[in-house]
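This is what each chain is made of:
2 protein chains.
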Amino acid sequence: MSLVLDPAAQDLLFREARTANTFTDEPVTEEQVQAIYDLVKFGPTAFNQSPLRVTLVRSPEARERLVNLMAEGNQPKTAAAPLVAILSVDNEFHEELPKLLPHFPQAKDMFFSERPVREQAAVVNGALQAGYFIVGVRAAGLAAGPMTGFDFAGVQKEFLDGDHTPLMIVNIGKPGDDAWFARSPRLELDEVITTV
Amino acid sequence: MSLVLDPAAQDLLFREARTANTFTDEPVTEEQVQAIYDLVKFGPTAFNQSPLRVTLVRSPEARERLVNLMAEGNQPKTAAAPLVAILSVDNEFHEELPKLLPHFPQAKDMFFSERPVREQAAVVNGALQAGYFIVGVRAAGLAAGPMTGFDFAGVQKEFLDGDHTPLMIVNIGKPGDDAWFARSPRLELDEVITTV
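Protein chains in written order, with my numbering: chain A, 383 to 578; chain B, 383 to 578.
Warning: the hint list may mix true and false statements.
[Stated by the list, open to error] Using 30 Å as the maximum straight-line C-alpha spacing, the simulated BS3-like pairs for lysine-lysine come out as follows:
1) B:Lys490 with B:Lys539
2) B:Lys481 with B:Lys539
3) A:Lys539 with A:Lys490
4) A:Lys490 with B:Lys539
5) A:Lys539 with B:Lys490
6) A:Lys539 with A:Lys481
Worth flagging that the hints you see were computed from the coordinates, not collected in a lab.
Next up, chain A with everything else stripped away, as it sits in the complex (with noise of 0.2 Å):
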């Protein structure tokens, strides 16, 4: 074997682990999402930077802005799953790098004085930690799955402000029945990996 992960935890992070698009009702505790940051906060990122921001949307009325916003084909799924998370990036995220970086708290001013080098780093390093998050989801036991169709603007504007881009928004809970499409194919390996 080439990996040191053990079987188990190879099929509930990734194997096993599946985009579900129905749930059961059981809910997903604040403990459970304050293991899950706690997990996946030590992913690293260029700089320390960690750029991603969570809005966790609990109330029904939340939740019902959010599936209006939604494209048709994910309404059903974002009004059923018992948790849904809007991932965004802070664009401001270099106010917190001398307090994240204070080994090196120079950087903050030598390579993100401009905003738009902070957007291109935040959306990058941002979507990094929503891989950890993803998998930090499944390491508590629960589906997760990105969604990217949705009205950008009407998130941010409802749920953000200026500074804070949309990324993806995440369902997240315990399958329910039928919860999967047959599994789609991936690339080979060598339509992805080349060696120079």
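Using the hints provided, position chain B relative to the given structure of chain A.
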């Protein structure tokens, strides 16, 4: 415990895993790369678009060209790492969609006929896959960490083409002596997660 994933796996993937600054001489094998890919290829992306591509820099000549394109502070570790991977995205990923999404091949033309839309989708979903890839490297018992301090135009010109945009470069290998800096602080839960 709110997590299902066993504590040893939590440590391996997040809590004890770190971005290494020094490495042993132990090579990273093709079998390890294959095992990592065969695990992380199952991570979800929007429309299963799977835009991430990986260029393994194995020849001494290619390594030298790459080191010259790294920011000065990244050059010694990129020169020393047993394996260096250039992660990029394929902005023409939509050509593979009929194969990747056999139940909805129209997505190629309905959503991805315009290059700017593809570029935005590719960077978000490619960085998401980079998160899975880094977790997969750690699942193989190896250290990995993203670097964005390099000449992006130079790396694209030397190693890629006009359809592939560099995302980050990852040094991979077994950690060597004094491999870690002190762990940098992370944001508190309430700085990252809000509830509506």
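Each hint tested on the structure:
Pair hint Lys490 (chain B) plus Lys539 (chain B) holds up; C-alpha atoms about 27 Å apart against a cutoff of 30 Å. For a cut-off of 30 Å, the pair hint linking Lys481 (chain B) to Lys539 (chain B) stands: about 29 Å separates their Cα positions. A hinted pair counts as satisfied when its Cα atoms are at most 30 Å apart, and Lys539 (chain A) with Lys490 (chain A) qualifies at roughly 27 Å. Pair hint Lys490 (chain A) plus Lys539 (chain B) holds up; C-alpha atoms about 29 Å apart against a cutoff of 30 Å.
A distance of roughly 29 Å separates the Cα atoms of Lys539 (chain A) and Lys490 (chain B); the hinted pair therefore holds under the 30 Å criterion. Our distance criterion of 30 Å between C-alpha atoms is met by Lys539 (chain A) and Lys481 (chain A), whose separation comes to about 29 Å.
Of the numbered hints stated above, none is contradicted by the structure.
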